[in-house]
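Participant: Line by line, the protein sequences are chains E and G. Heads up, the first sequence is in our numbering, so the first residue is 1 and it goes up one at a time. Heads up, the second sequence is in our numbering, so the first residue is 1 and it goes up one at a time.
Check the hints yourself; a few may be wrong.
SDA-like cross-link-like pairs, simulated, lysine to any residue; straight-line CA separation at most 20 Å [unchecked claim]:
#1 G:87 x E:279
#2 G:112 x E:109
#3 G:116 x G:140
#4 G:87 x E:280
#5 G:188 x G:138
#6 G:98 x E:279
#7 G:111 x G:156
#8 G:70 x G:159
#9 G:98 x E:64
#10 G:37 x G:76
#11 G:37 x G:127
#12 G:87 x E:166
#13 G:98 x E:117
#14 G:98 x E:126
#15 G:87 x E:276
#16 G:98 x E:228
#17 G:116 x G:65
#18 G:98 x E:110
Pairwise CB distance ranges, derived in the manner of DEER restraints [unchecked claim]:
#19 G:43 x E:247: 56 to 64 Å
#20 E:60 x G:155: 51 to 59 Å
#21 G:116 x E:275: 57 to 65 Å
#22 E:282 x G:66: 50 to 58 Å
#23 E:117 x G:155: 35 to 43 Å
#24 G:30 x E:94: 40 to 48 Å
#25 E:229 x G:79: 23 to 31 Å
#26 G:43 x E:60: 26 to 34 Å
#27 E:256 x G:129: 51 to 59 Å
#28 E:142 x G:179: 27 to 35 Å
#29 E:229 x G:43: 32 to 40 Å
#30 E:17 x G:163: 23 to 31 Å
Hints listed in this document are in silico derivations from the structure and should not be mistaken for laboratory results. We put the CB at the ideal spot given by N, CA and C, even for glycine.
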Amino acid sequence: MGSLIGQGIVGIALPALLALVLNGLVLRSSALTESRKWPFIGLIVAGCFVFSYSVIVGGIAFPPREATHWLPFIAVGAVVSGSMLQFTSGVIRSIVRLIAALATAWTVLQLQIFGRWPLLISVEWLVAVTLILFATSRLIEREGAARSTPTEILLGMALAAGFGGIALFLGGSAVLGQICGAFGLVLAGLTVLTFFLPPAHLGPIIPLIYVLVLGSLLLNGSLFSDLPWPTSGLVWIAPFGVLIGPPAMPFGKNRNVRLLVRGLIVLVVIGLALVALFLIVQPNGNEY
Amino acid sequence: MTVPRTLFATLLALAGITSAKADNYKIDPVHSAIMFKAGHFGAGNIYGRFDTFSGDFVFDPNDSTKDSVKVEITTDSVDSNSAARDKDLKGPDFLNTKQFPTASFKSTAVKKVDDKNYEVAGDFTLRGITKPVTLAVQVIGTGPGPKGEIRLGTESTVTLKRSDFDVKAFLPAIADDVQLRIAVEAIKQ
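Just need the whole structure built from these sequences, with the hints factored in.
Facilitator: In structure tokens, the structure reads:
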């Protein structure tokens, strides 16, 4: 039991703390313009995710053979793609986003596509997952920028990832659950930092990392474990709770109330996701 | 009279050797079992089994170079006497049965230790990873079944490191060493 607790501390708490400190340093730095801070923050978030993954899974498999083996590579790829989104515009941005979404969908589905599923079903899945990842990342980035503060968007993503981890854990994969929980904690730390050091905008990098990483985790959970699809779906849409209501003013006097209300909306949706989980699979608490 | 009797016995023995051939056997799953054992928190062992498997082997008691074994296990049939734990064992943390529905063993060399014991080297594949392993095989016996068919029974053991096959969840709380015991009754074809 001691080794499991130790693994939890090193694999979950340590990367979350590390991300908090490093992201704080970057956000406070006066040497970097704000648009240049986000690639660094993205690298820190992805790096801490990869660290967490390697501790909890017991290493990084190369070349990747299974869908979950791709998770660290997806995180790093998302930083690269997100940075390209940040510094490009127009059609090129859409192409980069589409390639990132397609590559992520492919990594999750590849083993099923090669001979396990009929070709038509495989193509349908690939297209559907690609479009969902593409549309979600675009929506969070654009609508989030227009309607919410960076802290509100990050809060929605942190809550979804954190509770998504609990759902994955209870839905049959303790390993994926811990990885997802660690990811949620890293985002929670960033949420706290942006509350006290509010940036003007969030940019595309963090939303893209969030969408591709959480999308892969939830897909893996629902396709290969017992995480019910309704739970995955509700966790997926939960962060959109921060878009409800009129556009937020970052420095308005009702900032805290708005943040609390929007956070509660997200929590209600996540609550429904967990209710669905308990109704459908009756979690067992991982009795190994 | 001594010389002809000895000659006769020698001829009989030679006839026996030359007529002996490798026989094909098919595993009878109803009278066979594939079980596993893994240490749990250093306190005890968890036991489980795979309910669905198939296989066949070639056996020549006089020439082990002709012998070969092939076994395929349906990973989704894992049964550890706990439905909740079985769900976890089938999931991506352990056997990942949806992505890797089968595990298999295919022999590469069989060495006869004595009349009852053999060492069967081969490739074991689990979660898409193939590693060489050596099974210690004991021949239990042979005899006619209820329909007159010839049956041969063996028991084999091998200890695998699950981490070699990327099954690393909860190490070392759940031990890395997993002992497989394959007890089969096979029917001569």
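Participant: A separate judgement is required for each hint: does it hold in the structure or not?
Facilitator: Comparing the hints with the structure gives:
Our distance criterion of 20 Å between C-alpha atoms is met by residue 87 of chain G and residue 279 of chain E, whose separation comes to about 17 Å. About 45 Å separates the Cα atoms of residue 112 of chain G and residue 109 of chain E, which puts this hinted pair outside 20 Å; it is violated. At roughly 7 Å between alpha-carbon atoms, residue 116 of chain G and residue 140 of chain G fall within 20 Å of each other, so this suggested pair holds. Taking the CA atoms of residue 87 of chain G and residue 280 of chain E, the gap is about 14 Å. The hint holds against a cut of 20 Å.
About 18 Å separates the Cα atoms of residue 188 of chain G and residue 138 of chain G, which keeps this hinted pair within 20 Å; it holds. For the hint linking residue 98 of chain G to residue 279 of chain E, the alpha-carbon distance of about 23 Å lies beyond 20 Å, and the restraint is violated. Between residue 111 of chain G and residue 156 of chain G the CA atoms are separated by roughly 14 Å; this keeps the pair inside 20 Å, and the hint holds. The straight-line distance between the Cα atoms of residue 70 of chain G and residue 159 of chain G is roughly 18 Å, inside the 20 Å bound, and the hint therefore holds.
Simply put, residue 98 of chain G and residue 64 of chain E have alpha-carbon atoms about 17 Å apart, close enough for the 20 Å limit, and the pair holds. Taking the CA atoms of residue 37 of chain G and residue 76 of chain G, the gap is about 17 Å. The hint holds against a cut of 20 Å. A hinted pair counts as satisfied when its Cα atoms are at most 20 Å apart, and residue 37 of chain G with residue 127 of chain G qualifies at roughly 18 Å. Under the criterion of a C-alpha separation no larger than 20 Å, the hint pairing residue 87 of chain G with residue 166 of chain E is consistent with the structure, at around 17 Å.
Under the criterion of a C-alpha separation no larger than 20 Å, the hint pairing residue 98 of chain G with residue 117 of chain E is consistent with the structure, at around 12 Å. Taking the CA atoms of residue 98 of chain G and residue 126 of chain E, the gap is about 18 Å. The hint holds against a cut of 20 Å. Under the criterion of a C-alpha separation no larger than 20 Å, the hint pairing residue 87 of chain G with residue 276 of chain E is consistent with the structure, at around 18 Å. With a C-alpha separation of about 15 Å, the suggested pair residue 98 of chain G and residue 228 of chain E falls inside the 20 Å cut-off, and the hint holds.
A hinted pair counts as satisfied when its Cα atoms are at most 20 Å apart, and residue 116 of chain G with residue 65 of chain G qualifies at roughly 16 Å. Pair hint residue 98 of chain G plus residue 110 of chain E holds up; C-alpha atoms about 13 Å apart against a cutoff of 20 Å. Distance hint for residue 43 of chain G and residue 247 of chain E: a CB-CB separation of about 58 Å, consistent with the stated range 56 to 64 Å. Range check, residue 60 of chain E to residue 155 of chain G: about 39 Å between beta-carbon atoms, so the 51 to 59 Å window is missed.
Taking 57 to 65 Å as the suggested C-beta distance range, the pair residue 116 of chain G and residue 275 of chain E conforms, at roughly 60 Å. A beta carbon spacing of about 53 Å between residue 282 of chain E and residue 66 of chain G agrees with the range 50 to 58 Å that was offered as a hint. Under the hint 35 to 43 Å, the C-beta atoms of residue 117 of chain E and residue 155 of chain G, about 39 Å apart, fit the expected range. For the hinted restraint 40 to 48 Å between residue 30 of chain G and residue 94 of chain E, the CB-CB distance of approximately 60 Å leaves it violated.
Residue 229 of chain E and residue 79 of chain G have their C-beta atoms about 26 Å apart, which keeps the hinted 23 to 31 Å range intact. At roughly 31 Å, the beta-carbon separation of residue 43 of chain G and residue 60 of chain E lies within the given 26 to 34 Å, and the hint holds. In this structure, residue 256 of chain E and residue 129 of chain G meet the distance hint of 51 to 59 Å, their C-beta atoms being roughly 52 Å apart. Taken as a hint, the range 27 to 35 Å is violated for the pair residue 142 of chain E and residue 179 of chain G, whose Cβ atoms sit roughly 56 Å apart.
At about 38 Å, the CB distance of residue 229 of chain E to residue 43 of chain G agrees with the hint of 32 to 40 Å. Between residue 17 of chain E and residue 163 of chain G, the C-beta spacing of about 28 Å keeps the proposed range 23 to 31 Å intact.
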